[in-house]
Amino acid sequence: MIKAILIFNNHGKPRLSKFYEHYSEDTEQQIIRETFHLVSKRDENVCNFLEGGMLIGGSENKLIYRHYATLYFVFCVDSSESELGILDLIQVFVETLDKCFENVCELDLIFHVDKVHNILAEMVMGGMVLETNMNEIITQVDAQNKMEKSETFIFQSPRQDR
Amino acid sequence: MPAPIRLRELIRTIRTARTQAEEREMIQKECAAIRSSFREEDNTYRCRNVAKLLYMHMLGYPAHFGQLECLKLIASQKFTDKRIGYLGAMLLLDERQDVHLLMTNCIKNDLNHSTQYVQGLALCTLGCMGSSEMCRDLAGEVEKLLKTSNSYLRKKAALCAVHVIRKVPELMEMFLPATKNLLSEKNHGVLHTSVVLLTEMCERSPDMLLHFRKVWILVPQLVRILKNLIMSGYSPEHDVSGISDPFLQVRILRLLRILGRSDDDSSEAMNDILAQVATNTETSKNVGNAILYETVLTIMDIKSESGLRVLAINILGRFLLNNDKNIRYVALTSLLKTVQTDHNAVQRHRSTIVDCLKDLDVSIKRRAMELSFALVNGNNIRGMMKELLYFLDSCDPEFKADCASGVFLAAEKYAPSKRWHIDTIMRVLTTAGSYVRDDSVPNLIQLITNSVEMHAYTVQRLYKALLDDISQQPLVQVSSWCIGEYGDLLVSGQCEEEEPIQVTEDEVLDVLEGLLVSNLSTPVTRGYSLTAIMKLSTRFSSVCLKISSRIKKVVSIYGSICLKMYSQACLTRANDLLDLLGGNDVVPVIQTTLPTKPASAGGELLDLLGDLSLSGGPAPAPSVPVSQPPFLLDGLSSQPLFNDISAAIPPMTAYSKNGLKIEFTFERANPNPNIAVITIHATNTTEDDMTEFVFQAAVPKTFQLQLLSPSSNIVPALNHGSVTQVIRVLNPQKQQLRMRVKLTYTHKGSPVQDLAEVNNFPPQSWQ
Numbered sequence: 001m002i003k004a005i006l007i008f009n010n011h012g013k014p015r016l017s018k019f020y021e022h023y024s025e026d027t028e029q030q031i032i033r034e035t036f037h038l039v040s041k042r043d044e045n046v047c048n049f050l051e052g053g054m055l056i057g058g059s060e061n062k063l064i065y066r067h068y069a070t071l072y073f074v075f076c077v078d079s080s081e082s083e084l085g086i087l088d089l090i091q092v093f094v095e096t097l098d099k100c101f102e103n104v105c106e107l108d109l110i111f112h113v114d115k116v117h118n119i120l121a122e123m124v125m126g127g128m129v130l131e132t133n134m135n136e137i138i139t140q141v142d143a144q145n146k147m148e149k150s151e152t153f154i155f156q157s158p159r160q161d162r
Numbered sequence: 001m002p003a004p005i006r007l008r009e010l011i012r013t014i015r016t017a018r019t020q021a022e023e024r025e026m027i028q029k030e031c032a033a034i035r036s037s038f039r040e041e042d043n044t045y046r047c048r049n050v051a052k053l054l055y056m057h058m059l060g061y062p063a064h065f066g067q068l069e070c071l072k073l074i075a076s077q078k079f080t081d082k083r084i085g086y087l088g089a090m091l092l093l094d095e096r097q098d099v100h101l102l103m104t105n106c107i108k109n110d111l112n113h114s115t116q117y118v119q120g121l122a123l124c125t126l127g128c129m130g131s132s133e134m135c136r137d138l139a140g141e142v143e144k145l146l147k148t149s150n151s152y153l154r155k156k157a158a159l160c161a162v163h164v165i166r167k168v169p170e171l172m173e174m175f176l177p178a179t180k181n182l183l184s185e186k187n188h189g190v191l192h193t194s195v196v197l198l199t200e201m202c203e204r205s206p207d208m209l210l211h212f213r214k215v216w217i218l219v220p221q222l223v224r225i226l227k228n229l230i231m232s233g234y235s236p237e238h239d240v241s242g243i244s245d246p247f248l249q250v251r252i253l254r255l256l257r258i259l260g261r262s263d264d265d266s267s268e269a270m271n272d273i274l275a276q277v278a279t280n281t282e283t284s285k286n287v288g289n290a291i292l293y294e295t296v297l298t299i300m301d302i303k304s305e306s307g308l309r310v311l312a313i314n315i316l317g318r319f320l321l322n323n324d325k326n327i328r329y330v331a332l333t334s335l336l337k338t339v340q341t342d343h344n345a346v347q348r349h350r351s352t353i354v355d356c357l358k359d360l361d362v363s364i365k366r367r368a369m370e371l372s373f374a375l376v377n378g379n380n381i382r383g384m385m386k387e388l389l390y391f392l393d394s395c396d397p398e399f400k401a402d403c404a405s406g407v408f409l410a411a412e413k414y415a416p417s418k419r420w421h422i423d424t425i426m427r428v429l430t431t432a433g434s435y436v437r438d439d440s441v442p443n444l445i446q447l448i449t450n451s452v453e454m455h456a457y458t459v460q461r462l463y464k465a466l467l468d469d470i471s472q473q474p475l476v477q478v479s480s481w482c483i484g485e486y487g488d489l490l491v492s493g494q495c496e497e498e499e500p501i502q503v504t505e506d507e508v509l510d511v512l513e514g515l516l517v518s519n520l521s522t523p524v525t526r527g528y529s530l531t532a533i534m535k536l537s538t539r540f541s542s543v544c545l546k547i548s549s550r551i552k553k554v555v556s557i558y559g560s561i562c563l564k565m566y567s568q569a570c571l572t573r574a575n576d577l578l579d580l581l582g583g584n585d586v587v588p589v590i591q592t593t594l595p596t597k598p599a600s601a602g603g604e605l606l607d608l609l610g611d612l613s614l615s616g617g618p619a620p621a622p623s624v625p626v627s628q629p630p631f632l633l634d635g636l637s638s639q640p641l642f643n644d645i646s647a648a649i650p651p652m653t654a655y656s657k658n659g660l661k662i663e664f665t666f667e668r669a670n671p672n673p674n675i676a677v678i679t680i681h682a683t684n685t686t687e688d689d690m691t692e693f694v695f696q697a698a699v700p701k702t703f704q705l706q707l708l709s710p711s712s713n714i715v716p717a718l719n720h721g722s723v724t725q726v727i728r729v730l731n732p733q734k735q736q737l738r739m740r741v742k743l744t745y746t747h748k749g750s751p752v753q754d755l756a757e758v759n760n761f762p763p764q765s766w767q
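Those protein sequence lines, which keep their order, are chains V and L.
Taking UniProt numbering, the leading residue of the first sequence gets 1, the next gets one more, and so forth.
Taking UniProt numbering, the leading residue of the second sequence gets 1, the next gets one more, and so forth.
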């Protein structure tokens with residue numbers, strides 16, 4: 001099971017935080033800070049797996065992360081998930097974001113965090129992997145965005161409003 | 001009131017803030033605006049406001065006042081509203097708030113909505129944060145959706161069902177019929193989530209597992225699906241780096257693992273496919289390796305034939321040579337798990353594993369170290385130890401303690417000769433001496449005592465090490481002890497193993513005195529060296545008055561200084577001396593001396609040494625008639641001086657309630673004065689036995705506790721016997737001993753549990 005998905009930048013500013021287990025607001029912020037602290041210390045040529053910090057379950061949970069340009073993508077998982085599989089999942093997630101936002105960069109995530117949540121909701125549900133096929137995910141997200149667009153003229157589609 | 005600003009505007013504004021305070025101000029201003037907008041019950045802009053609130057929540061600001069608004073959004077007819085509303089519910093709400101129960105009706109309606117995306121939102125939210133009550137209410141709806149032909153909804157319903165089962169395990173049965181047809185789906189998303197659902201059911205219920213094995217005969221079905229995936233050739237929809245749906249393959253392999261575990265028939269049915277996957281998977285990309293890794297784990301976990309197991313371990317061996325550090329990491333982790341069961345197969349990869357000790361990555365180094373220790377045996381001990389000692393020299397400090405302990409353990413088990421053993425210990429002490437654990441010192445001393453023929457060699461080497469470096473405390477302590485015991489061998493130059501060195505008694509005393517004075521020495525070390533000096537007064541017995549008076553002088557000067565620093569420890573040793581001398585009159589005098597009067601205590605110590613001409617020492621206390629021989633330790637055996645002295649510390653009652661009484665008796669550990677050995681005696685005055693008796697203890701952080709096994713779990717009634725158990729408490733900082741105890745037992749059929757604080761320890765037990 002995936003316990004949490006965090007995206008933050010090189011300075012620790014959160015860009016997306018989704019927890020699949022309940023923690024209080026303070027604990028959530030602490031977890032984000034602690035995770036950033038652990039992950040940012042890592043060298044570029046070490047492996048992408050870390051034991052989880054004390055707050056998020058200690059040694060049973062692992063942090064699996066990837067560093068893309070200015071962003072860290074961190075998945076906190078327990079022992080039932082395959083470490084290498086999660087690495088692949090992160091790759092699929094980022095590629096999907098890339099397709100949805102056309103050459104995604106940090107600014108896209110900053111200004112469209114709700115859209116990122118929607119994409120993530122089509123991939124991971126309740127801490128478990130729902131769909132890994134990139135085209136499937138994009139089709140569904142597009143359809144839902146179209147529904148939103150058609151409802152009212154006040155809210156414009158994300159592609160135009162940058 | 002003007003229209004609330006857009007989310008993007010807010011984000012842009014916040015990004016212009018240059019300090020945390022500025023940001024906080026902006027956020028507060030916006031929150032106030034949002035709050036008044038909520039109060040106005042404005043439907044048009046509620047969605048926008050909640051979106052902003054969620055953004056602020058992500059940055060760490062409180063957003064609980066938006067919870068009710070999320071509910072209103074969920075109840076709206078517009079998809080846009082529902083989307084943000086459900087997202088807000090997942091981020092802001094949880095079971096502990098009553099508010100979330102209000103969602104139940106909305107979700108129920110939305111699960112039956114005409115638009116699949118609305119149904120999808122409802123399933124998603126229920127699957128993420130539904131409480132047990134909600135799950136109970138809505139399980140029927142979820143089950144219905146599990147049977148629909150719409151694959152988008154089917155896959156979401158499957159994962160939602162997993163969540164429902166986790167919350168309310170009794171409902172598992174209900175999903176069984178619907179699950180049956182899931183595997184015949186073509187859609188990979190549905191297949192994937194169905195396998196997850198089946199996995200969850202198998203893990204939760206052994207009955208279900210049996211059912212799937214025997215009644216549904218799931219294994220052949222899964223094997224077939226897996227085979228299709230591998231053989232199907234290029235399929236653009238599911239292709240990831242040249243492999244067809246690796247995520248599904250990995251999931252199926254994991255389910256096969258659970259089904260095949262401890263079941264011969266199932267294991268046999270999957271043998272072929274596992275061999276096929278293991279040999280045919282393309283390994284140039286990470287996805288291929290992920291599949292191989294899962295295959296290896298499955299092979300090792302089920303009842304596979306030995307050929308297959310060897311294949312698996314060889315795959316792991318190949319992983320170790322892979323350039324990708326992640327692959328090396330998972331390989332080492334898996335090898336660590338299998339080294340006990342498939343020891344010989346793993347041994348073949350020993351050299352690769354030892355190479356990993358030189359890796360740059362800390363996690364890989366640690367695993368390689370653990371694995372290396374697991375692989376040490378009688379045949380490879382010399383070679384392995386060379387590598388491990390080299391590792392010890394150059395590794396990070398965080399590893400040194402574990403590595404040193406590992407080396408000691410391995411050396412103890414497999415040492416090819418006594419000399420090699422002593423040399424290895426010497427090497428560890430000299431290179432990583434400060435990181436060696438405190439309890440290694442007494443163990444080493446024990447070891448050295450037992451290697452009788454090596455005494456001369458040992459003391460000579462330790463003496464030479466002391467000449468080089470006195471900063472590493474464990475080394476210094478062991479060396480001082482050795483010199484104290486075997487100083488005569490050192491001086492007489494009796495070493496056979498190597499060239500004996502020429503050293504005089506004066507030089508030895510110089511070194512030991514140096515330790516006493518040095519700032520590098522801890523109080524414990526000073527204790528060791530002082531004791532060694534005292535012992536040497538017998539060992540150097542052949543010598544003239546000059547040496548003996550020198551010793552007395554040292555003891556007189558440093559005795560009182562030492563006493564000031566750590567009074568009781570030294571006093572205990574002094575007590576030991578006196579006890580061994582006999583003369584009960586003397587003992588009470590020393591015992592009643594409190595640490596607050598070090599000067600006079602020093603005087604008593606001096607008294608021991610007979611008539612002295614004190615130079616600058618404190619005035620002696622009222623003299624006690626002690627007729628002692630000129631040299632203290634004459635006629636004593638060469639046993640370590642500080643044997644168990646149980647006389648000093650009185651027993652105490654730690655706990656007495658409901659007929660259960662627990663008494664503590666004390667001893668000093670040998671030879672470490674910082675360890676108190678407490679024996680608990682539990683007795684029972686009631687008429688019924690106390691069975692399943694478990695005693696647990698906890699101590700504050702500055703202490704360390706070790707509980708040995710109890711004599712039994714039954715405290716017999718009416719004091720017909722007792723349960724005893726030994727506790728060892730390490731108290732290096734000599735702090736007041738406090739303990740919390742937890743007692744559990746069954747009495748007259750019902751379980752009893754109690755927690756108590758024990759604070760009435762006698763001062764002698766911890767000083």
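Worth flagging that the hints you see were computed from the coordinates, not collected in a lab.
Since the model is a prediction, treat every value here as computed from it, not as a measurement.
Don't be surprised by glycine CBs; every beta carbon is placed ideally from N, CA and C.
Warning: the hint list may mix true and false statements.
As the list claims (entries may be wrong) - Using C-beta positions, here's what the derived DEER-type ranges look like: (1) V:E95 / L:S434: 30 to 38 Å; (2) V:E95 / L:E25: 33 to 41 Å; (3) V:D43 / L:N150: 29 to 37 Å; (4) L:A756 / V:E95: 55 to 63 Å; (5) V:N10 / L:S518: 25 to 33 Å; (6) L:S306 / V:E95: 56 to 64 Å; (7) V:N45 / L:V752: 40 to 48 Å; (8) V:N10 / L:T13: 16 to 24 Å; (9) V:N45 / L:K285: 34 to 42 Å; (10) L:Q77 / V:N45: 33 to 41 Å; (11) V:N45 / L:T148: 19 to 27 Å; (12) L:K285 / V:K149: 19 to 27 Å; (13) L:G242 / V:N10: 50 to 58 Å; (14) V:N10 / L:V752: 55 to 63 Å.
Unchecked claim - Subject to a maximum C-alpha distance of 16 Å in a straight line, what follows is the list of computed EDC-like cross-link-like pairs (lysine to aspartate or glutamate): (15) L:K303 / L:E268; (16) V:K18 / L:D94; (17) L:K365 / V:D43; (18) V:K13 / L:E23; (19) L:K742 / L:E663; (20) L:K285 / L:D342; (21) L:K325 / V:D43.
Structure-based check of each hint:
At roughly 50 Å, the beta-carbon separation of E95 of chain V and S434 of chain L lies outside the given 30 to 38 Å, and the hint is violated. For the hinted restraint 33 to 41 Å between E95 of chain V and E25 of chain L, the CB-CB distance of approximately 39 Å keeps it satisfied. For the hinted restraint 29 to 37 Å between D43 of chain V and N150 of chain L, the CB-CB distance of approximately 48 Å leaves it violated. Taken as a hint, the range 55 to 63 Å holds for the pair A756 of chain L and E95 of chain V, whose Cβ atoms sit roughly 60 Å apart.
In this structure the supplied range 25 to 33 Å is violated for N10 of chain V paired with S518 of chain L, their Cβ-Cβ distance being about 48 Å. Evaluation of the 56 to 64 Å hint for S306 of chain L and E95 of chain V yields a failure: the beta carbon distance comes to about 41 Å. Between N45 of chain V and V752 of chain L, the C-beta spacing of about 57 Å breaks the proposed range 40 to 48 Å. Separated by about 23 Å at the C-beta atoms, N10 of chain V and T13 of chain L satisfy the suggested range of 16 to 24 Å.
A beta carbon spacing of about 19 Å between N45 of chain V and K285 of chain L contradicts the range 34 to 42 Å that was offered as a hint. Q77 of chain L and N45 of chain V have their C-beta atoms about 54 Å apart, which leaves the hinted 33 to 41 Å range violated. Remark: the range hint 19 to 27 Å for N45 of chain V to T148 of chain L is contradicted by a beta-carbon distance near 49 Å. The hinted window of 19 to 27 Å between K285 of chain L and K149 of chain V is violated, with their beta carbons roughly 38 Å apart.
At roughly 33 Å, the beta carbons of G242 of chain L and N10 of chain V sit outside the given window of 50 to 58 Å. Our hint of 55 to 63 Å for N10 of chain V and V752 of chain L holds, since their Cβ atoms are close to 56 Å apart. Of the pairs offered as hints, the one joining K303 of chain L and E268 of chain L holds, with about 8 Å between alpha carbons and a cut-off of 16 Å not exceeded. Annotation: proposed proximity of K18 of chain V to D94 of chain L holds, straight-line Cα distance about 13 Å (limit 16 Å).
The straight-line distance between the Cα atoms of K365 of chain L and D43 of chain V is roughly 15 Å, inside the 16 Å bound, and the hint therefore holds. Among the hinted pairs, K13 of chain V with E23 of chain L is consistent with the structure: their alpha-carbon atoms are about 13 Å apart, no more than 16 Å. Note on K742 of chain L and E663 of chain L: the hinted pairing holds, with a Cα-Cα distance of about 14 Å set against a maximum of 16 Å. For the proposed pair K285 of chain L and D342 of chain L, the alpha carbon gap of about 28 Å is over 16 Å, so the pair is violated.
The suggested pairing of K325 of chain L with D43 of chain V holds, with an alpha-carbon distance near 12 Å, which does not exceed 16 Å.
Checked against the numbered hints above, the structure violates hints 1, 3, 5, 6, 7, 9, 10, 11, 12, 13 and 20; every other hint is satisfied.
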